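Novice: Chain by chain, the residues run as shown.
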Amino acid sequence: MDLEGKICSAISSGIMVLALASSLSAMPAHANDRLQAEPTNKKPNILLIVADDLGYSDLGSYGGEINTPELDKLAQEGVRFTDFYVSPTCSVTRAMLLSGTDNHVAGLGNMAELNAPNQIGKPGYEGVLNKRVVSVASVLRDNGYHTYMAGKWHLGLNPDEIPHARGFERDFSTLVGGGSHFDDAWNVEWQTPRMPYTEDGKPVDKLPEDFYSTKTYTDKMVQFIEEGRGDGNPFFAYLSYTAPHGPLHLPDDWLRRYKNRYDEGWDAIRQQRLARMQELSIVDEGVSTADRLYFLPRSTALTPAVRVMQGRKMELYAGMVEYMDDQIGRVFDYLKEIGEYDNTVVIFISDNGAEGNDLRAMVAGQVGSMGFLHAMNNFAEDAHNSLGRKGTYAEYGPAWAQVSMAPFRLFKGWTAEGGIRSPLIVSGPGVQGAGELNKQAVLHVMDIVPTALELAGIEHPATHEGREIAAVQGKSWAGMLAGSTESPRTSEDWLGWELFNNRAIRQGDWKISWLYRPFGIDDWQLFNLAEDPGEQFDLSDEFPQKMSELVALWDDYQERNGVIMGERSPFERSRKGLPDPVPEFDSYPPLRGLEAFPYEKLIEMMSGKAGAK
Amino acid sequence: MKKSRNKPTELLVGFALAAVFLSVHSPAFAVDDGARAYWKLRDGSHLTSVQYLFLDMQATDSQMFDPSHFIFPNSEAEASLFMASYAHHFTLFDRPSSMALNLLGGSADVDINTNLLPTQFLPPGVAAGASLSQSATGFGDPTVQLDVNLLGTPPLVSTVDLVNYEPTWTLDAAAMLAVPIGQYDDDKLINIGQNRFYGRLALPMKYHFGAFAPGYMTSIELTPSVWLFDENDDFLGRKLENDPLWQVEGHVTHDLTRNFFGSLDLLYRRGFQSEIDGDEVGDELEVGNLGLTLNYQVTDNVTIRSSYSSNLFGDSDLDNSVVRLQFVYGWHRLDENFKKLTKHGG
Chain A
1 MDLEGKICSA ISSGIMVLAL ASSLSAMPAH ANDRLQAEPT NKKPNILLIV
51 ADDLGYSDLG SYGGEINTPE LDKLAQEGVR FTDFYVSPTC SVTRAMLLSG
101 TDNHVAGLGN MAELNAPNQI GKPGYEGVLN KRVVSVASVL RDNGYHTYMA
151 GKWHLGLNPD EIPHARGFER DFSTLVGGGS HFDDAWNVEW QTPRMPYTED
201 GKPVDKLPED FYSTKTYTDK MVQFIEEGRG DGNPFFAYLS YTAPHGPLHL
251 PDDWLRRYKN RYDEGWDAIR QQRLARMQEL SIVDEGVSTA DRLYFLPRST
301 ALTPAVRVMQ GRKMELYAGM VEYMDDQIGR VFDYLKEIGE YDNTVVIFIS
351 DNGAEGNDLR AMVAGQVGSM GFLHAMNNFA EDAHNSLGRK GTYAEYGPAW
401 AQVSMAPFRL FKGWTAEGGI RSPLIVSGPG VQGAGELNKQ AVLHVMDIVP
451 TALELAGIEH PATHEGREIA AVQGKSWAGM LAGSTESPRT SEDWLGWELF
501 NNRAIRQGDW KISWLYRPFG IDDWQLFNLA EDPGEQFDLS DEFPQKMSEL
551 VALWDDYQER NGVIMGERSP FERSRKGLPD PVPEFDSYPP LRGLEAFPYE
601 KLIEMMSGKA GAK
Chain B
1001 MKKSRNKPTE LLVGFALAAV FLSVHSPAFA VDDGARAYWK LRDGSHLTSV
1051 QYLFLDMQAT DSQMFDPSHF IFPNSEAEAS LFMASYAHHF TLFDRPSSMA
1101 LNLLGGSADV DINTNLLPTQ FLPPGVAAGA SLSQSATGFG DPTVQLDVNL
1151 LGTPPLVSTV DLVNYEPTWT LDAAAMLAVP IGQYDDDKLI NIGQNRFYGR
1201 LALPMKYHFG AFAPGYMTSI ELTPSVWLFD ENDDFLGRKL ENDPLWQVEG
1251 HVTHDLTRNF FGSLDLLYRR GFQSEIDGDE VGDELEVGNL GLTLNYQVTD
1301 NVTIRSSYSS NLFGDSDLDN SVVRLQFVYG WHRLDENFKK LTKHGG
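The listed protein sequences correspond, in order, to chains A and B.
All letters in the first sequence, in the order written, are residues 1 to 613 by my numbering.
All letters in the second sequence, in the order written, are residues 1001 to 1346 by my numbering.
One thing to keep in mind: the hints can contain errors.
[Said to hold, decoys possible] Residues of chain B clear of chain A, computed beta-carbon distances all greater than 10 Å:
(1) Glu-1166
(2) Ala-1213
(3) Gly-1271
[To be verified] For the chain A half of the interface with chain B, some residues (derived, Cβ under 8 Å), not all of them:
(4) Pro-208
(5) Leu-296
(6) Thr-300
(7) Ala-301
(8) Thr-303
(9) Pro-304
(10) Met-309
(11) Ser-386
(12) Arg-389
(13) Gln-525
(14) Asn-528
Hints were generated in silico from the structure; no laboratory data involved.
On a predicted model such as this, the values are computed, not experimentally measured, just so you know.
Glycine included, each C-beta is placed from N, C-alpha and C at the ideal position.
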């Protein structure tokens, strides 16, 4: 980009940030209405919206360039949180989301698909939401709530494990982790070639006409609420979108909604996001943010055409996010239409970090394998202009995932911040501080169960259907949302994670992290997240005492939750196929500086004529 | 050890090559332009083509091999023709354009019932009612055509342009001119060359459905055009004139696989009233052909096409059929260089 282009870009990005910042600080009239609504005796509805593999910085209200007006409006009416944690993968998060306790207790000590040999059959590793826990839907249903679910379940396939059996009186669910967003319904796993759907506990033989996951889930949720509202009882609605999980699919008229928006490449987009995040105070100035992963090329070193081709995948991802936002707006409009919006607490989260792994390659397997046959039958098409349509399986890869997870390191699957940090927006009756950004509270997905129950005035049961139920480990946000505290946790409280043998503990600003090479060192590292949210500087040598304290907490976590370290891990051979990491220097190699080369000139260079010159 | 390759780049080249050569051939003026004749290629693309055409006609009225060729009424004619073509794609006035050169050659035979032939047209020594057979061999009149896109296609200069290329509606303007330097014998009723300038003005248009990606592409193509003819001032010592010929060519094309497409073809022509020394000969022509084309991309560079068409409507006193077999070789400097770097140890 030439100087003029840089100036224009800076001005336009500045205008964008200012507009967003002013819109977040200028609370709309409706937000006032929500806060000032007269308290009623009616219990609040709870609308829990979960995006699938959405990145931390994708939403406009978190610094993203993706158009998400409905969620941005929700952020204006409610509160955003910077330090909200989930698990590195989806079913693990969902187990905690619905049970309020640790995944190793709730049955998803590991993903069902990836249990290590020594974990299979062990308590906490059932691969389904086990009977040691009760789902929040069951508790709410037992206390007079309507309970609805639309979208992804991924917590069990058997009749006693599906949503209808775990507390949802109405549901339209896909039981598995991912697959086609269209009516061809292929599953990513060949073992279950078609995605099993259930409606109200019964298998769905035929998907609705014009099925597209995000639209149909929205249709169903609106239908459930409409059909159940006659008795005036409150509802708990779990709207569990499968977007923007791969394969990146979109209806035809949305395919090019972000046409050429990402041709600049991942580095430029990430820098723009970081600038906006700083303007929005989501990222503090002066802190260290994650470097581009060492094995990824800087985007300016790629030919313009390859940048366009890579950018097309991000276009699809952005389109899926905006489409989801648009559908969420439909739900909000409907709730306003029936007069329930102001009595509905809305919680919006993602289930894990953005997807940077090549799941397509993993599921397609090797030539001759069943996975490969499955891919041949269902998602072999990969031509550039066909991406996003039926029969394709596009993912946007680690470079864009890092953009989605800015300012953090890594992405889905890893216990680095890039795998476990999620946006969180809470809005509704009793939520104080419209438009505010809470940076003090360290929150966890396990907190949602006690929060929902406290907002509904319900105690978590010690037993359910004659079974003893594991205690909730999450902490209710009710006091924090009401403005009485800044955080439900003290500086002594801590959080723990383990998945695929990668593990972490956070206490206050400190975090220890154990990651497989090459992204970790096969050993513990210590980071200060306040100064180093990008987890760039291992402080274990400087603060050995802190390191020891946190490792002791890890031992406590492992003991308390029955964590079994797997004999095998999908990430144990992450080094394979990757080059050795080497330090980066701005001045080396000496030909760097290509970033300053005008983009238009690069395009010209790539043309036949200019190339000949 | 097998080297791993840069997948994005491979995809890129695969796309570029597909865009360049899937549909490639140069317009075949002797019969029609053919399916996907006006699909746009990257600036700097070159195409060469050879094709064999076998034409067979029986008519009780004036007839022709192609719009330039006048054949006397009440005749049977066969022609075996070869056409060599070269086309180059470039950008003209910031519009994707192409220039095509065509050279025709071969032989033609005609059998004429002289009973109905006006006596003044009988060749010397041929009595009325006698059977008359003539043949001609040699080169035809070379043609040159310029095609410029008017709407729907951006300049296709860089790889970025190709990657971003997803046409829907497109509209071109094309002009063709034949130069009368081919074989011509003023004693014969039939010749390969025509001894007159002629040309065509066309407005090729098309609409693309669905993904513009190999294996997915579908199009409807329509090319209305008009042929204009100078007079032949030495047709058996007389002056031959023809009215303009109005023509509509249509195709519905669809990818059957990434490398294979088929097309249903339509060619409708009307006009071409002939006059010799100011006297009308025969009637105005009206003929409609339907046909089928199959096109197979053999390699990144080579495409084979075959087609067949026959008249199914129009004048009832006419039968014709056309069989075509065409080989196309296309290349672009960058694609060839890419192959050098990736296949030969780069």
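Novice: Of the numbered hints stated previously, which ones are contradicted by the structure, given in increasing order?
Specialist: 1, 2, 4, 5, 6, 7, 13 and 14
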